[in-house]
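Q: Sequence:
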Amino acid sequence: MWYHDRFHTPFDLPNPKELDEDDRVSYKTSSDLRKFHFPAWASAFIAMVLLILSCITCVCAVRKCSRRRRKTQRSSNMRKSMVSLCDTTSLGHTHRGRVQLDVEDVDAGLMPMNGQEEYSNEEEEEETKKESSLGKLQYSIEYDFHTSKVSYGELAKQTIVLSVFDFDRFSHHTFIGEVRLPIASLDLGSTVEEWQEIQPGIEDMSDVLGDLCFSLRYIPTAGKLFIVILEGKNLKNLDKQGISDPYVKLQLVQNRRKLKKKKTTVKMNTLNPYFNETFSFDIPFDQIQNTQIIFSIYDANKVKKNEAIGSVVVGCNASANGIRHWSDMLANPRRPVVQWHALEN
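All residue numbers for the sequence shown refer to full-length UniProt numbering, where the first residue is 1 and numbers rise by one.
Just so you know, these hints were derived from the structure itself, not from any lab.
We treat Cβ as the ideally placed atom computed from N, Cα and C, and that holds for glycine.
Careful: at least some of the hints might be erroneous.
Claimed, not checked - With beta-carbon atoms standing in for the labels, derived distance ranges:
#1 V266 to S190: 53 to 61 Å
#2 S66 to P39: 39 to 47 Å
#3 R335 to S185: 45 to 53 Å
#4 D166 to E194: 18 to 26 Å
#5 Y274 to D166: 23 to 31 Å
#6 K224 to T159: 44 to 52 Å
#7 D286 to Y143: 13 to 21 Å
#8 T278 to S140: 21 to 29 Å
#9 N276 to H146: 50 to 58 Å
#10 E154 to R334: 35 to 43 Å
#11 E142 to D282: 44 to 52 Å
#12 E194 to V228: 43 to 51 Å
#13 V228 to Y143: 43 to 51 Å
#14 D328 to V164: 17 to 25 Å
Let's have the full structure, built from the sequences with the hints guiding it.
A: Structure representation (structure tokens):
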């Protein structure tokens, strides 16, 4: 709608030629606006975008205000929990020590962590104790005053050492720990049966002579015993001027009589000899339970007599390890059974 004082009615459109310069510009602008028609969907979209932006602005403002309130509340709580020097001087006497804070006045994030740290340290110590524990050993000791050839006075000065090892058929036994029992602290008037913690100790290497690995295979129908000397390991050096020259000597014993002897070749200048040599003995099946095989390792010397490093016995009347190897051989006929053995004097 155009309105001007020169015309009789406001709805009459003026002639652009009759207008001056200012009216002509305003007329052109209004005519351009009338030509441009804005769609209804665009207006709705713009209104929706403006509404969403206003909502986001309101939410951000509310969150910012709430954060400010929390900060002010925390600072007020801290001021409540703090004790000023002016307040303490009004008490008359100053007492040094720890201040017990009220749980209701202290924020959860400001509580002292000393108690929790001590509790966690105790838990860590218990866990380390469990991890470092080597287990327990049950033992029974009984002393016979009538038949014992050693007097109690001599025994009271001694200490019983119970060493615990991890048995390994194919390698050296691993030392786990030990239990030391001073005899003077034991009541030998009655049977002593207790559990003791296994303590870490140092393995006594002075009596360690080395290890020998060999296999046993017995054929009952043929009455043949096959022995393969495989290798030795960590042999004790008896040669002061150099390294030992070891070899293995085998002896067949039946009913306490030495029947046959055999030996390996000499391995020069080594404490870990590798042999891989096979030997056989004729042993009837009815004599297998009365048979022993003695394995002895010697240090070969050209000038003086050969020195014995150590020996191993398998078969009847042998040690626990020797009997186990012999029993495994009989339980598995025609099959080679390999095992490591610690040398003994």
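Q: If a hint holds in the structure, say so; if it does not, say that too.
A: Here is what the structure says about each hint:
1. In this structure, V266 and S190 meet the distance hint of 53 to 61 Å, their C-beta atoms being roughly 55 Å apart.
2. S66 and P39 have their C-beta atoms about 41 Å apart, which keeps the hinted 39 to 47 Å range intact.
3. Our hint of 45 to 53 Å for R335 and S185 holds, since their Cβ atoms are close to 50 Å apart.
4. Checked against the hint of 18 to 26 Å, the pair D166 and E194 passes, with Cβ atoms roughly 23 Å apart.
5. Checked against the hint of 23 to 31 Å, the pair Y274 and D166 passes, with Cβ atoms roughly 25 Å apart.
6. In this structure the hint that K224 and T159 lie 44 to 52 Å apart at CB holds, the actual value being about 49 Å.
7. Between D286 and Y143 the Cβ separation comes to about 43 Å, which falls outside the hinted range of 13 to 21 Å.
8. Hint check: T278 to S140, Cβ distance near 45 Å, so the stated range 21 to 29 Å is violated.
9. Hint check: N276 to H146, Cβ distance near 54 Å, so the stated range 50 to 58 Å holds.
10. A C-beta distance of roughly 53 Å is found between E154 and R334, which places it outside the suggested range of 35 to 43 Å.
11. Checked against the hint of 44 to 52 Å, the C-beta distance between E142 and D282 comes to roughly 46 Å, which is consistent with it.
12. Distance hint for E194 and V228: a CB-CB separation of about 45 Å, consistent with the stated range 43 to 51 Å.
13. Distance hint check for V228 and Y143: the Cβ-Cβ separation is about 45 Å, which falls inside the suggested range of 43 to 51 Å.
14. Distance hint for D328 and V164: a CB-CB separation of about 23 Å, consistent with the stated range 17 to 25 Å.
Violated hints, in rising order: 7, 8, 10; the structure is consistent with all others.
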